[in-house]
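Undergrad: One line per chain: the protein sequences are Z and W, in this order. Take the first sequence: its letters are residues 2 to 370, numbered as in our numbering. Take the second sequence: its letters are residues 194 to 322, numbered as in our numbering.
In case anyone wonders, no lab produced these hints; they're calculated from the structure. All residues carry an ideal CB built from backbone N, CA and C; glycine is no exception. Hints should not be assumed to be uniformly reliable.
What the hints assert, rightly or not - Residues from chain W shown here face chain Z by an in silico Cβ test under 10 Å; the list is partial: (1) Asp226; (2) Gln227; (3) Asp230; (4) Val232; (5) Phe233; (6) Val234; (7) Pro237; (8) Glu238; (9) Ala254; (10) Val255; (11) Lys256; (12) Thr257; (13) Val258; (14) Pro280; (15) Ala281.
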Amino acid sequence: MQPATSLKRTPFTEFHRAAGAKLVEFAGFEMPVRYTGDVREHLAVRNAAGLFDITHMGEFEVRGAGASAWLDRMVTNHVGAIAVGQALYSPMCRPDGGIVDDLLVYRYDDHFMVVVNAANMAKDFAWLDAHRPADVTLVDRSAETALLAVQGPRAADIVRGHVPAAALDLGYYRFLTGELFGVPATISRTGYTGEDGFELYFAPAHGATVWQGLVDAGVPQGLELVGLGARDTLRLEMGYMLYGNDIDDTTSPLEAGLGWTVKLAKGDFHGRDVLVRQKAEGLRRKLVGFQLDGRRVPRHGMAIVSEGRPVGHVTSGTFSPSLERPIGMGYVEAPLAKVGTALEVQAGSTSLPARVTARPFHTRGSHRS
Amino acid sequence: MGYPDDVRYTKDHEWARQENGLLTVGITSYATDQLGDVVFVELPEKGRQIEAGGAFGVVEAVKTVSDLYAPVAGEVVEVNSALGDNPALVNQEPYGEGWMIRIRPADPSSFGALLSHVDYEKLVEEQHA
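The following block holds chain W by itself, in its conformation from the complex:
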């Protein structure tokens, strides 16, 4: 399985995509495979400050629940309200319409410290070894 190379990753299976100085954040296809059908996503309020590695929300699947962890520190400037009515978008398009929040990073260089798709793929393989 391959992971998109236009985003960077965390070891907690979030991804982040840099656009116009903002980071769009979601969870990876590996995460959605592990979770199964997502039925609810709890997201923060716009304007909230989040810390790198801090929990910013909750994703409920039929079988299990998982916290969502911020890839970088910053301010939440947008949340994906479409997930309220259609949480299945997370399964269907994890790197697209299933995105969760947009962050204005506190440190613009923090994005570069996230994992590349090659490193993330390696990490997933190691977790399965």
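Okay, chain Z solo, but in the shape it has when bound:
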């Protein structure tokens, strides 16, 4: 099984291969989709801890006197409101309210780091660069940045002693810079799983040191290697967005239920006019979560039907290992978005009864707010 030579690798690719991972192409990278099994890896993160290679994510460095004000014109959440050492989740909108990407903004003492989805790296960089004023510099640091996530209720115990003590006191969406297994790193209490944990940014040259350190410290605590398969089921149980599935250039953050990240009062930003109007006029469609009985799984693109009429489509679906039942998300006509509404998902010639459910689906995660 030879990888196509054009795929980008991470500092951890050989560790994945040695661990028996099934490697697949994802956004131009050769990435592990699973090591032992999606369900086992998923439950390891819920019950103990998991180690994820997410080096494929993109990192942009933003500097300059106008950086904060400019980022606030580019994204919908309020960058100006966060302190040094804080991270912020935000959609970045087009003028028509569609979402270019969803991303994280980190405020360091003298610059920002913007972390974007791998599949959108080139698009985001071009978009940002095209709107960049003269007093801001934008540099793509993706190739110089390795990124691992340790997620799960044991995550803090695993990194204890290998990170500055202050890292263990970080609140959710807080970060610091310091030594990680003796190498310089950004240690961030963030994640995409609903569990406590850390996302760790460092230079690729230190990949082996950090990987081996985490494995050695973690395996006795129940740490498992986790692939993109379980990363998706973990995020979906939390109702977190996957760009390209649940949100894209044609969906607005309000439709997606991301109203909490849209700060209309902060001043003007791309998409604000449209979002103000959507809010005033009411939304035509909304993203909902739903659960199904039985074991047939809703899949991206399937039609959602109400009383024999198509009313939307599935954006994400999976079999939830924690709930042991199928779950999904999708856009439906706004009047059908109320929790408890009965819908049907069209799976080929079969109609699967579904019921609108509050998100997150999984409410027992260990992350601290």
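Please arrange chain W on chain Z, whose structure you already have, making use of the hints.
TA: Same frame as chain Z, now just chain W:
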């Protein structure tokens, strides 16, 4: 990786084992590796007539779904009801307890036309090239 030599194969990654004039059918370890954890298997009713290459069921995994294709034409004489409670058998023992249906072939010689383990291994390697 090796594939068992006591069964024959289809290009759609099903296997069939001949016993007492019946064919036991399941999916290969290559298929289960591609699918990941199986969470549900939809199987036909006993007595249904199926066509060679026709879809006879559905296998749902956490990440993906796939149709099941009949290796030969015939009548479904038994289905593996154990998969209802324990679909993970398909991952754990794809050539054993994870079997799916038994078929009485319409043409007893149709089994011989399926792929040998050598040809199947070659096919899998080619799909990866």
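Undergrad: Answer holds if the nearest beta-carbon of chain Z is closer than 10 Å to that of Pro280 of chain W; otherwise answer violated.
TA: holds, 8 Å
Undergrad: Under 10 Å, Cβ to Cβ, is where Ala281 of chain W needs to be relative to chain Z, so tell me if that hint holds or is violated.
TA: holds, 8 Å
Undergrad: Quick check on Thr257 of chain W please, does its C-beta sit within 10 Å of some C-beta on chain Z?
TA: holds, 8 Å
Undergrad: Using Cβ atoms only, decide whether Gln227 of chain W comes closer than 10 Å to chain Z, and label the hint accordingly.
TA: It holds, given that the least Cβ distance between Gln227 of chain W and chain Z is near 8 Å, below 10 Å.
Undergrad: For the hint on Asp230 of chain W, just tell me whether its beta-carbon gets within less than 10 Å of chain Z.
TA: Holds, because the Cβ-Cβ distance from Asp230 of chain W to chain Z comes to roughly 5 Å (cut-off 10 Å).
Undergrad: A closest beta-carbon separation below 10 Å is what the hint needs, so does Pro237 of chain W meet it against chain Z?
TA: violated, 14 Å
Undergrad: Holds or violated: the hint that Val232 of chain W contacts chain Z, with Cβ atoms closer than 10 Å.
TA: holds, 4 Å
Undergrad: Does the CB of Ala254 of chain W sit less than 10 Å away from some CB of chain Z?
TA: holds, 8 Å
Undergrad: Hint Val258 of chain W vs chain Z: min CB-CB distance below 10 Å?
TA: Holds: closest Cβ of chain Z sits about 6 Å from Val258 of chain W, inside 10 Å.
Undergrad: When the nearest CB of chain Z is found for Asp226 of chain W, is that gap smaller than 10 Å?
TA: Since the shortest Cβ distance to chain Z is 7 Å, the answer is holds.
Undergrad: If you take the shortest Cβ to Cβ gap from Val234 of chain W to chain Z, is it below 10 Å?
TA: holds, 9 Å
Undergrad: With a cut-off of 10 Å, does the beta carbon of Phe233 of chain W approach a beta carbon of chain Z closely enough for the hint to hold?
TA: With a minimum Cβ separation of about 4 Å from chain Z (threshold 10 Å), the hint on Phe233 of chain W holds.
In this structure, the hints that do not hold are numbers 7, 8, in rising order.
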